[in-house]
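Straight run, no breaks: the sequence shown in UniProt numbering ends on number 279.
There may be inaccurate statements among the hints.
Here are the simulated BS3-like cross-link-like pairs (lysine-lysine), alpha carbons at most 30 Å apart as the crow flies [unchecked claim]:
hint : residue 1 : residue 2
1    : Lys258    : Lys235
2    : Lys217    : Lys195
3    : Lys235    : Lys195
4    : Lys258    : Lys24
5    : Lys195    : Lys249
6    : Lys193    : Lys217
7    : Lys24     : Lys249
8    : Lys258    : Lys29
9    : Lys258    : Lys195
10   : Lys258    : Lys217
11   : Lys24     : Lys195
12   : Lys235    : Lys193
13   : Lys29     : Lys195
14   : Lys249    : Lys193
The set of hints was computed from the structure by calculation and includes no laboratory data.
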Amino acid sequence: MATYAIGDIQGCYHAFQALLARLKFDQDKDQLWLVGDLINRGSGTLEVLRWCYAHRNSLRIVLGNHDLHAIVVAAGIVAAHRGDTLQSLLAAADRDVLLDWLRHQPLVYQDADYLMVHAGLLPQWTVDQTMAYAAEVESALRGENYLHFLTHMYGNLPNCWTPDLTGVDRLRVITNAATRLRICTADGEMEFKFKGELQDIPHGYMPWFDVPSRASKDTQVIFGHWSALGLQQRKNLFALDTGCLWGGKLTAMNLNTKEIVQVDAHPLDRPVAIQKSEH
Numbered sequence: 001m002a003t004y005a006i007g008d009i010q011g012c013y014h015a016f017q018a019l020l021a022r023l024k025f026d027q028d029k030d031q032l033w034l035v036g037d038l039i040n041r042g043s044g045t046l047e048v049l050r051w052c053y054a055h056r057n058s059l060r061i062v063l064g065n066h067d068l069h070a071i072v073v074a075a076g077i078v079a080a081h082r083g084d085t086l087q088s089l090l091a092a093a094d095r096d097v098l099l100d101w102l103r104h105q106p107l108v109y110q111d112a113d114y115l116m117v118h119a120g121l122l123p124q125w126t127v128d129q130t131m132a133y134a135a136e137v138e139s140a141l142r143g144e145n146y147l148h149f150l151t152h153m154y155g156n157l158p159n160c161w162t163p164d165l166t167g168v169d170r171l172r173v174i175t176n177a178a179t180r181l182r183i184c185t186a187d188g189e190m191e192f193k194f195k196g197e198l199q200d201i202p203h204g205y206m207p208w209f210d211v212p213s214r215a216s217k218d219t220q221v222i223f224g225h226w227s228a229l230g231l232q233q234r235k236n237l238f239a240l241d242t243g244c245l246w247g248g249k250l251t252a253m254n255l256n257t258k259e260i261v262q263v264d265a266h267p268l269d270r271p272v273a274i275q276k277s278e279h
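Build the full structure now, drawing on both the sequences and the hints.
In structure tokens:
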């Protein structure tokens, strides 16, 4: 019996299956934690989501920005972006079942040993606060009026947290931190354009996890989202997005031993339409 956390799959179905084979994954005994961005940009979006739904009792999942984007596109709120690979999902007979299941997944997941989030945590947030704030977004996503939230979800402002935020502004900040955050100031002001490597971070900003006063620093956090960061295994910090979509690797970490298992990107997973310049 083992529990594995796996980095961003992003529709890379063939690499995902190769990784499961290498892990000798047993759905009756083992458990997978998926750090979000299950789908989109790789060619196997529908296949990945169908596999996850079929094995849902063996999974713990948090939502990533691409997962939320798929839900918004399916709802007709925004058009698909160039490079999206959502068409097979949107045209599938079981799309509503799959997307409804996806919409009911958490933004943040925690057990006794680890906390998992797709992108990051704002430095002011304790673990208890993080879970409470995430629950606000989860309630909005799962509620009858979820389309209202989705309609107002996109946007970069407000770009920092204050406890007196209300309504869609409050939910947007929570969502952006959990699904889009890479760097921020020491005070937690978020910047969303940067996607590069550590040495290229703009002046005045730092990785969210390097803020000295971060309230969650004593908790083991697993995350993805930042492929240029690569694999990181630090004290209480585990970054697992190793850029499978971009020709890198798909990474799993055994949560009991912290052993890393990787497979190479599979050529069938990367659609011709996606160019490196879009990274």
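*List in ascending order the numbers of the hints, as given earlier, that are violated by the structure.*
Of the numbered hints given earlier, those the structure breaks are 11 and 13, listed in rising order.
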